[in-house]
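Asks: Top to bottom, those sequences are chains A and B.
According to this note's numbering, the residues represented by the first sequence are 245 to 449, in order.
According to this note's numbering, the residues represented by the second sequence are 245 to 449, in order.
Hints were generated in silico from the structure; no laboratory data involved.
Glycine is no exception: its CB is placed at the ideal position from the N, C-alpha and C atoms.
Pair by pair, the computed Cβ-Cβ distance ranges are:
id, chain 1, residue 1, chain 2, residue 2, range
1, B, Asp293, A, Lys355, 45 to 51 Å
2, A, Thr263, B, Glu439, 24 to 30 Å
3, A, Glu303, B, Gly359, 45 to 51 Å
4, B, Gly382, A, Asp414, 49 to 55 Å
Keeping only pairs whose Cα atoms sit at most 20 Å apart, straight-line, the calculated EDC-like set for lysine to aspartate or glutamate is:
id, chain 1, residue 1, chain 2, residue 2
5, A, Lys395, B, Glu444
6, B, Lys247, B, Glu439
7, B, Lys247, B, Asp274
8, B, Lys449, A, Asp390
9, B, Lys353, B, Glu399
10, A, Lys372, B, Glu437
11, A, Lys247, A, Asp435
12, A, Lys246, B, Glu420
13, A, Lys449, B, Glu399
14, A, Lys427, A, Glu360
15, A, Lys449, B, Glu387
16, A, Lys247, A, Glu337
17, A, Lys372, B, Glu439
18, B, Lys395, A, Glu439
19, A, Lys372, B, Glu447
20, A, Lys355, A, Asp407
21, B, Lys355, B, Asp404
22, A, Lys449, B, Glu384
23, B, Lys353, B, Asp404
24, B, Lys247, A, Asp407
There are 2 protein chains.
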Amino acid sequence: MKKGRLFVVSGPSGVGKGTIIEQITARLGDSVMLSVSATTRDPRPGDVDGVNYYFLTEEEFVSRVSAGRFLEHAYVHGHYYGTPLDPVEAAVEAGRDVILEIDVQGAMKVKETYGEGVYIFILPPSIKILRERLSGRGTETAEVVDQRMGKAMGEIGYLDRYDYGVVNDDLDRAVEQVLDIIKAEHCRVMDGEAEQIISEYREEK
Amino acid sequence: MKKGRLFVVSGPSGVGKGTIIEQITARLGDSVMLSVSATTRDPRPGDVDGVNYYFLTEEEFVSRVSAGRFLEHAYVHGHYYGTPLDPVEAAVEAGRDVILEIDVQGAMKVKETYGEGVYIFILPPSIKILRERLSGRGTETAEVVDQRMGKAMGEIGYLDRYDYGVVNDDLDRAVEQVLDIIKAEHCRVMDGEAEQIISEYREEK
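Pulled out of the complex, with its shape left as it was, chain A reads as follows (with noise of 0.2 Å):
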């Protein structure tokens, strides 16, 4: 059986990509799996364990870290919070992509450490529109939206280190180029992939 991959999506504030990212599980159904995040956090009311987070200890979550089993981790306000690992590699094993929203700081660490990762960035189709979008209703200061655009672009720069950019200016048509990568990607030759055919024709003379 051919392995999955994993899809790494990130994208500024206001872009869209997680509704881009519902619909894309909600199409592809039990093929697809959603990275959940790790952290030493208490659990708020509501929250269930291994759907919206995995909950560790310190000790737990520490030790982890140590055996290598984050892609990425980040000590934030007095809590940890990461990628296990594990969940990752058993979902790719048994053939199914996963699906890792993350900040681009979050997407380098992983792209350190999991070389077969596939990098998407979702981008605003306009300047215009992101500012419209990180307006809210209008009832942001000048202040505040200077600042969140200023962040945005901030992790624009990081695009030229992602595969794919996919402009988000109509929900639909992101929602199939982001098909169409996951569905090109399964095509990508892998390592070893020759030598396996070759050693099937040798075996048969």
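Add chain B to chain A, keeping to what the hints say.
Replies: Same frame as chain A, but now just chain B:
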């Protein structure tokens, strides 16, 4: 306007790459162009200049080679054959895709001269089926079939140098996969794309 891309398609004889390419061009119409080779051999009855080949004198051919106007060329049985760069560049600049069907040696030369191509290898469903296809109607001697199989294996040895491998076990499925690859490659992040968006932001301010 977004530039087109060059798709280089190879695969062993008998694998059905010609039929796949026919269907792709039928599906994509004017948005895609087949690359036409140039040659110094004489036109045969029915040959149309610019359709079957570009027919050049030896002087013209050699002078264009010196000027770097070929993606690749070879001298075979007393004649030059090659892939002219100019029609590819013109199409790509005009936003059209180009499909170049070429053997592995030619594809490897193109890879050296043209960095931005997408390399697709068409694979047989199995060794057994490839052997059947190369046996013709069973009229070929075992020696000839073995020779053809050996050649095919030599070609498959280049698979790892290609970006994608498409198994032609079902024609419709193989055509869909090549179409997925073409669509996905249009989402590839290009050099300078981030800088362009960020400068749009700077101008807006």
